[in-house]
Each structure stands twice: as C-alpha cells, then as structure tokens.
Amino acid sequence: MTSSPAGLGAIVLASLLLLTGCSSARESAGSAATPSAAASPQAVQGVGREAMAYVDAVNGGDLDALVASFAEDAEIVDVSRSIRGRAAIREWASNEVIGGRLTVLSIAQQRQDGQRLLVRWAPGGSDGWRAHYDFTWANGRIVKADLQYA
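Counting with mature numbering (1 follows the signal peptide of the UniProt record, and there is no 0), you get residues -25 to -1, 1 to 125 for the letters of the sequence shown.
Because the hints were derived from the structure by calculation, they are not lab data.
Keeping only pairs whose Cα atoms sit at most 20 Å apart, straight-line, the calculated EDC-like set for lysine to aspartate or glutamate is:
1) LYS119 x ASP31
2) LYS119 x GLU66
3) LYS119 x ASP53
4) LYS119 x GLU71
5) LYS119 x ASP48
6) LYS119 x GLU47
7) LYS119 x ASP88
8) LYS119 x GLU50
9) LYS119 x ASP39
10) LYS119 x ASP109
Start from the sequences, fold in the hints, and give me the full structure.
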C-alpha cells in the first residue's frame, strides 16, 4: 500500500494537532490545581499598590523590596506572633517568606485604609494553603499585616 505525499502530510498534521491538544489539556489541568497570579489575572485586579508591592517582593524573592513595603514601625501578626519594626520584619521574611510563592485569589474586603485578601501561600515549593492577609496602609506603606489561615 502506498501513501500520497498529501495523505502523509494530513496524517502528520492530525497527529501534531492531537499531541498539541493533549499537552494543552495537561497544562490546563495543572494550572487549575496550582493557581498562580499569571493564571488568574482578574484575581489581582483592584489590589492596592501597597499590597501588590508586598506580593511582588515575595514572588520576586526581593527581601529589600519586601521590607521597604512596610512603614518603619509596622507590625505583622503571623497567626499569633507579633513582628514589629523593619529589622524584625526583615529577619522574619528572610527565614520564613523569601523562597515561597504568594498568589492573590480575591479581594475579601475593601477599606479606605487597606484590604483583606484571600491568598494562597506556598512556602518553599510546597502546595501551600489559603490564608487571609489583611493589609492596613498609610502614606504609601503597609502599617499592619494580619496573616491568618482561611
């Protein structure tokens, strides 16, 4: 049995289309299981620039930018621990935050002086968990971040 060049080309093209479709489905399934800011651009629409400075610093592994997003005497409440001031925030972030991935899922509450965000926090390559990050800001800097499990 002989095949025409056109028939062979059609078979190759069909095979490529099938393979491309399969890999797209796998990639889509993976994206749904592990949400990311890139996968859901609507989720970050409306996030305050102060909160986004923190999110971008975390995801960029930029400790200096993370610390700079806070006011000098800012406080972080990490579940039940209180971390106060930039020096303490730097130490906390260096030990517990840098290297992780933070994805904003939605804005849970909007206030004049801040926002409460629903996020997925994934430290050090883990799958992570959902949390509420409640940011309060003044003069372009975060003055308080209350981080609690969702």
